[in-house]
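**Q** Read off the chains here:
There are 2 protein chains.
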Amino acid sequence: MPKELHVCLTPALIPLYQVEDYIVVIIDIFRATSSICYGIDNGAEAIIPVAEVEECAAYREMGHDYLLAAERNGEVVAGFDFGNSPFSYTTEKVSGKTVVLTTTNGTHALHLSRSAKKVVIGSFLNLTVLCNWLKNQNDNILLVCAGWKNNFNLEDTIFAGAVIDQLKSMNFKWDDAAISSNDLYRLAKDDLPGYLAKTSHSERLKKLGIEKDIAFCLNVDITASIPVLQGEKLVKLMP
Amino acid sequence: MPKELHVCLTPALIPLYQVEDYIVVIIDIFRATSSICYGIDNGAEAIIPVAEVEECAAYREMGHDYLLAAERNGEVVAGFDFGNSPFSYTTEKVSGKTVVLTTTNGTHALHLSRSAKKVVIGSFLNLTVLCNWLKNQNDNILLVCAGWKNNFNLEDTIFAGAVIDQLKSMNFKWDDAAISSNDLYRLAKDDLPGYLAKTSHSERLKKLGIEKDIAFCLNVDITASIPVLQGEKLVKLMP
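Line by line, the protein sequences give chains S and P. So in my numbering, the last one in the first sequence is 260, and the numbering has no gaps at all. So in my numbering, the last one in the second sequence is 260, and the numbering has no gaps at all.
There could be a bad hint or two in this list.
The list treats identical chains as interchangeable, and a pair is accepted whether it falls inside one copy or across any two copies.
Claimed, not checked - Restricting the straight-line Cα-Cα distance to at most 30 Å, the calculated cross-link-like pairs of lysine-lysine (DSS-like) are: (1) K194 - K227; (2) K138 - K227; (3) K194 - K139; (4) K219 - K156; (5) K219 - K24; (6) K138 - K170; (7) K138 - K257.
Simulated from the structure, these hints should not be mistaken for laboratory data.
Extracted from the complex, chain S is given alone in its bound form:
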């Protein structure tokens, strides 16, 4: 039996899948899963994704010695250590530390996927290492796009298409969303920044003055780690 390779285009569609039957890859390219991949690769002990700034603050009140990352409208919230920019997740800042990261879309997608066989994190930063690992699993794969407020976005879909492209030689059965994601990726791949410049999210992020973050999140294969969900924490997957 060929295994299934499916793309869930928004978290609102996760209930349509039996996530227990899949390895799930969470995708939130601008910027949560890119920052998570970078942070874990740079030696963060763990990253804990939460949905709300208040939840994030609660970790400090618990007395944990965690770094707290919270941002609203592109600004670091007063009293927090840093925001969601991948540039905050350098070795100097996060090595050996646990980071609590506020991310609405990414956390929502993670929460709805937690009963999966395994939940791993994908971004262009760890594309090939992720795909090589996926090739060696013997399970159905569900690529979950975190999207934007439960709706479709192009950057997460394009990344799903990039994963599918690398898994082409495998004998997976694709659904329509996988076919579409891959076709869109193939249109975009020779100029990812140019293609994505026309998306709504990119416009929104530009207004926030974080074009450098966007460009950084489109770097392909600059990290070698796969973050995996263990309980509430994302940690480095050990081969």
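On the provided structure of chain S, position chain P as indicated by the hints.
**A** Okay, now just chain P, sitting in the frame of chain S:
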């Protein structure tokens, strides 16, 4: 202010939109909205879409002189007049009649969209007449793909992209789903049957032995009517 041109990729995402702010186009290419466009163009007085065979049968019990169309697994259900094939919606069969049509995905999408400014029906059969009418409206437009069991399908998305292609000269603001649908349509347009042959739904329909229906549903601009929702009935939109 430019108007919005949005694509709702599955009925599960309709609650994310304020449908009151839009003219909604319902799209269910294989085969509900194609059959509806063909039937209305061939003189059906009205078509009433219902979700379940039982609802359809209830219309006969009410004593209405309606044609009842119900199908399960590609076969006309015993006691009904015909199924969902567009070939059942010829002038000889439907002219002057009201047809009750059982269609799960299409009815679901219609039901969730009924508070829209207007609900019209789209298919390749009435593509250009529909687009010309849309160009003369002064409202936001939401193209609702009926999909398959609340999830994404490629044929409805491709058709949304075809509508967008014709509205390109208008100053609409597109969302990411509109961008993607249009890009997919542009990949597919020179060989719609070939492109759609790789979809899951097409495979499913092939198993049902209805390849002729599929081919018919991809005929572009063979009808000149736009079905519009009035109460529970779809009737011909009068200019």
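**Q** Next, verify each hint and record whether it holds.
**A** Verification of the supplied hints:
Within a single copy, K194 and K227 get their C-alpha atoms only as close as 37 Å, which misses the 30 Å cut-off; across copies the closest is 17 Å, which meets it. For a Cα distance limit of 30 Å, the shortest separation of K138 from K227 qualifies neither inside one copy, at 37 Å, nor across copies, at 33 Å. Taking the shortest Cα distances, K194 and K139 sit within 30 Å of each other inside one copy (20 Å), while across copies they are farther apart (39 Å). Proximity of K219 and K156 under a CA criterion of 30 Å is satisfied inter-copy only: 23 Å between copies versus 32 Å inside one chain copy.
Taking the closest pair of Cα atoms, K219 and K24 come within 30 Å of each other only across two copies (17 Å); inside a single copy the shortest separation is 34 Å, beyond that limit. With identical chains, the CA atoms of K138 and K170 are at most 30 Å apart both within one copy (25 Å) and between copies (24 Å). Taking the closest pair of Cα atoms, K138 and K257 come within 30 Å of each other only inside a single copy of the chain (17 Å); across copies the shortest separation is 51 Å, beyond that limit.
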